[in-house]
Amino acid sequence: QLPAACRAVAWLDCDVIFLDDNWPQQALDQLQKSPLLQPFGPMYDLPRDADLPGENDMALRPRQLPDRPTAISLACGLLPGAVCENLSHLPNARSTGGRTSGLAWAASRELLARHGLYDARILGGGDRTMAAAVCGRYEIPRDSYRMNLPQFDHYRSWAEPFHASVQGQVGCLDGTLLHLWHGELEDRRRPETRFGGFAQFEFDPGTDITTDEKGLWKWNSEKPRMHQFVRNYFAVRKEDG
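Numbering of the sequence shown is given in the working numbering, commencing with residue 390 and proceeding in unit increments.
Treat the hints loosely; a few may be bogus.
Listed next, with one range per pair, are the computed distances between beta-carbon atoms [stated by the list, open to error]:
(1) 499 to 525: 31 to 37 angstroms
(2) 422 to 553: 14 to 20 angstroms
(3) 601 to 569: 19 to 25 angstroms
(4) 585 to 414: 30 to 36 angstroms
(5) 414 to 608: 38 to 44 angstroms
Simulated from the structure, these hints should not be mistaken for lab results. The structure displayed is predicted, hence computed values, not measured ones. Using N, Cα and C, we set each Cβ at its ideal position, and we do this for glycine too.
Starting from the given sequences, assemble the full structure and let the hints guide the process.
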């Protein structure tokens with residue numbers, strides 16, 4: 390459904406700010422060399438009370454940043470091919486100054502037309518799941534997200550061809566990304582309200598969800614307790630504090 394002139398697509402969390410206003414052109418240039426990239430280098434999680442200019446300031450800048458970034462984009466470490474091992478530690482990356490697989494990505498139209506994105510992680514984790522596919526480390530999201538066999542088979546049917554197309558050619562930009570506060574990270578990581586608790590419902594993406602006439606996911610099975618669990622999860626994230 391992309392316009393004919395569209396050459397690339399970026400998908401971004403809605404709570405991020407790029408400090409380099411020229412990042413779109415830089416990303417297009419980089420995508421001539423690699424089909425996939427993270428369009429930033431260092432990332433800073435901003436506190437709830439971050440001192441920012443007014444909302445109408447198009448050159449939004451924080452008045453002060455810490456000396457050390459919260460994390461670095463995973464793709465910046467993938468360039469020398471030495472960071473895939475860090476995927477297994479990414480849940481704690483922001484507390485250790487490590488790598489992040491989330492927040493912002495871009496890809497060539499050709500790659501997305503061929504494979505799309507894996508969007509059956511209905512409780513989130515899609516960016517890390519994609520990064521694991523890039524590295525060929527399919528077991529990482531399987532273990533971290535407690536995938537059962539139907540989930541894992543569904544994921545691998547997408548991940549293996551995606552891995553073969555990317556062939557490790559992942560780029561990055563070196564601009565700084567700011568991540569605005571929207572709740573405490575701990576409220577999104579509680580195992581009992583996310584992947585650990587969800588495992589009890591034996592979710593099968595092949596039967597429990599289907600697409601509607603607009604191509605959007607909808608429930609496809611009678612599992613009201615599972616549906617309520619998902620609704621509750623998004624409420625307990627407490628994104629407004």
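Handout entry: Hints violated by the structure (numbers, ascending)
Key = When the structure is compared with the hints, numbers 1, 3 and 4 turn out to be violated.
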